[in-house]
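Chemist: Spelled out from the first residue to the last, the chains are:
Number of protein chains: 2
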Amino acid sequence: MQSLQEKASAWSGVDAADAFAIDETNLFQKLGLQTFINLSTHFYTRVYDDEEEWFRSIFANSKKEEAIQNQYEFFVQRMGGPPLYSQRRGHPALIGRHRPFPVTHQAAERWLHHMEKALESTPDIDADSKVKMMNFFRHTAYFLVAGDELKNKKQEPSCKCKHGGCKSAAP
Amino acid sequence: MQSLQEKASAWSGVDAADAFAIDETNLFQKLGLQTFINLSTHFYTRVYDDEEEWFRSIFANSKKEEAIQNQYEFFVQRMGGPPLYSQRRGHPALIGRHRPFPVTHQAAERWLHHMEKALESTPDIDADSKVKMMNFFRHTAYFLVAGDELKNKKQEPSCKCKHGGCKSAAP
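From first to last, the protein sequence lines are chains D and Y.
Heads up, the first sequence is in the working numbering, so the first residue is 1 and it goes up one at a time.
Heads up, the second sequence is in the working numbering, so the first residue is 1 and it goes up one at a time.
So here's chain D without its partners, still in its complex pose:
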């Protein structure tokens, strides 16, 4: 059985070594807090205005300002900065926290499309950092697609049948 990491690499086309090349330099020290805030603001401004309603609707129950803060605090923490995210919200728990959302291949590609455009709109991020970050994002997006599949596996039956559970032959 393929691991989450193997699926993420196979589906994204990004090796783990390239995905985690973000750890070779301290991107937070290089780019600074404001750059991460700008990136996430550009990203979610696109997402909340997305002409593709199926994608925009995934975020309908979240406030844009909170989505921005959650994202840049996670990026800051993961890319060498202070653990802003965990201090406020606990472990990133990426798969667990994406559980309510349909993280499909299609949704991953739409997310990555907006992130690529957001990176282009953030001139303070140099070309080398952009490549590293995009590899990390691409690999992570498909890691979450792989995580999303866990929802459909090994579920306890949640059947509400009056005859008491559908493991046995149905009436």
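These are calculated hints, taken from the structure and not from any lab test.
Take the hints with a grain of salt, since some may be wrong.
Since the list gives no way to pick one copy over another, a pair counts as held whenever it fits inside one copy or between any two copies.
The calculated lysine to any residue pairs, modelled on SDA-like cross-linking and capped at a C-alpha distance of 20 angstroms, are [said to hold, decoys possible]:
id: 1; residue 1: K30; residue 2: L84
id: 2; residue 1: K63; residue 2: Q2
id: 3; residue 1: K64; residue 2: F101
id: 4; residue 1: K7; residue 2: Q87
id: 5; residue 1: K64; residue 2: S3
id: 6; residue 1: K7; residue 2: P82
id: 7; residue 1: K7; residue 2: R99
id: 8; residue 1: K117; residue 2: V131
id: 9; residue 1: K153; residue 2: N61
id: 10; residue 1: K153; residue 2: P102
id: 11; residue 1: K153; residue 2: H98
id: 12; residue 1: K7; residue 2: L84
id: 13; residue 1: K7; residue 2: N70
id: 14; residue 1: K153; residue 2: H114
id: 15; residue 1: K63; residue 2: P100
id: 16; residue 1: K7; residue 2: E24
id: 17; residue 1: K7; residue 2: K151
id: 18; residue 1: K153; residue 2: S62
id: 19; residue 1: K30; residue 2: P83
id: 20; residue 1: K151; residue 2: P100
id: 21; residue 1: K117; residue 2: E51
Given chain D's structure and the hints, the job is docking chain Y onto it.
Modeler: For chain Y alone, coordinates are given in the frame of chain D:
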């Protein structure tokens, strides 16, 4: 609705600030790789020999050596060292990866009991680091209990009834 972080703090009795005090000093630099290997070896030696079968059986499908490596690589990565865990296995995704296991309050307490004993068996960890680590472990254990509850929420019915789904009135 309480957040994962709020539940973790309420149930563990450890504030987020105390749980993430592990980030105030670089514990990896202070303690070194071998100390983390020793800690996880002591921990899993206890777990795999646990006289309480219900707890020991949770780990029955995992190899002890792999469990040790997974754990110390995560600790090293989270406590200031190189990202050994992510390079090999991807994001920690603590809730997602604990999904197959019954992370109950009782299991959390048994895990913490063994970890407290494992810390006592690892003399290279100074008293201040022990307190910080135990607060982190206690808060994290209950964060995962809170994460475990997500499994029982908002599930799609996985009913196998021949009459085609049990959302409607049962026959």
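Chemist: For every hint, state whether the structure bears it out.
Modeler: How the hints compare with the structure:
1. When the C-alpha separation of K30 and L84 is checked against a cutoff of 20 angstroms, the pair qualifies only within one copy, where the shortest distance is 17 angstroms, while the shortest distance between copies is 22 angstroms.
2. Within a single copy, K63 and Q2 get their C-alpha atoms only as close as 36 angstroms, which misses the 20 angstroms cut-off; across copies the closest is 17 angstroms, which meets it.
3. Proximity of K64 to F101 under the C-alpha cut-off of 20 angstroms is restricted to the intra-copy arrangement: shortest distance 16 angstroms within a copy versus 34 angstroms between copies.
4. Within a single copy, K7 and Q87 get their C-alpha atoms only as close as 30 angstroms, which misses the 20 angstroms cut-off; across copies the closest is 14 angstroms, which meets it.
5. With identical chains, the CA atoms of K64 and S3 are at most 20 angstroms apart between copies only, with a shortest distance of 18 angstroms across copies and 33 angstroms within one.
6. Taking the shortest Cα distances, K7 and P82 never come within 20 angstroms of each other, neither inside one copy (30 angstroms) nor across copies (23 angstroms).
7. In this homomeric assembly, K7 and R99 come within 20 angstroms of each other (Cα to Cα) both inside a single copy, at 18 angstroms, and across copies, at 18 angstroms.
8. For the identical chains of this complex, K117 and V131 are intra-copy neighbours only, at 13 angstroms inside a copy versus 45 angstroms across copies, given an alpha-carbon limit of 20 angstroms.
9. Proximity of K153 to N61 under the C-alpha cut-off of 20 angstroms is restricted to the inter-copy arrangement: shortest distance 17 angstroms between copies versus 26 angstroms within a copy.
10. Taking CA atoms no more than 20 angstroms apart as the test, K153 paired with P102 passes in both settings, with 15 angstroms inside one copy and 15 angstroms between copies.
11. In this assembly of identical chains, the alpha carbons of K153 and H98 lie at most 20 angstroms apart whether taken from the same copy (16 angstroms) or from different copies (14 angstroms).
12. For the homomeric pair K7 and L84, the shortest alpha-carbon distance between copies (19 angstroms) is at most 20 angstroms, but the shortest distance inside one copy (29 angstroms) is not.
13. In this assembly of identical chains, K7 and N70 lie within 20 angstroms of each other by CA distance solely across copies; the values are 19 angstroms between and 26 angstroms within a copy.
14. Taking the closest pair of Cα atoms, K153 and H114 never come within 20 angstroms of each other, the shortest separation being 30 angstroms inside a single copy and 30 angstroms across copies.
15. Proximity of K63 to P100 under the C-alpha cut-off of 20 angstroms is restricted to the intra-copy arrangement: shortest distance 15 angstroms within a copy versus 32 angstroms between copies.
16. Within a single copy, K7 and E24 get their C-alpha atoms no closer than 23 angstroms, and across copies no closer than 35 angstroms, so neither meets the 20 angstroms cut-off.
17. Taking the closest pair of Cα atoms, K7 and K151 come within 20 angstroms of each other only inside a single copy of the chain (15 angstroms); across copies the shortest separation is 23 angstroms, beyond that limit.
18. With identical chains, the CA atoms of K153 and S62 are at most 20 angstroms apart between copies only, with a shortest distance of 19 angstroms across copies and 27 angstroms within one.
19. Proximity of K30 and P83 under a CA criterion of 20 angstroms is satisfied in both settings, with 17 angstroms inside one chain copy and 19 angstroms between copies.
20. Taking the shortest Cα distances, K151 and P100 sit within 20 angstroms of each other both inside one copy (10 angstroms) and across copies (11 angstroms).
21. Taking the shortest Cα distances, K117 and E51 sit within 20 angstroms of each other inside one copy (15 angstroms), while across copies they are farther apart (56 angstroms).
Of the hints listed earlier, those the structure fails to meet are numbers 6, 14 and 16, in rising order.
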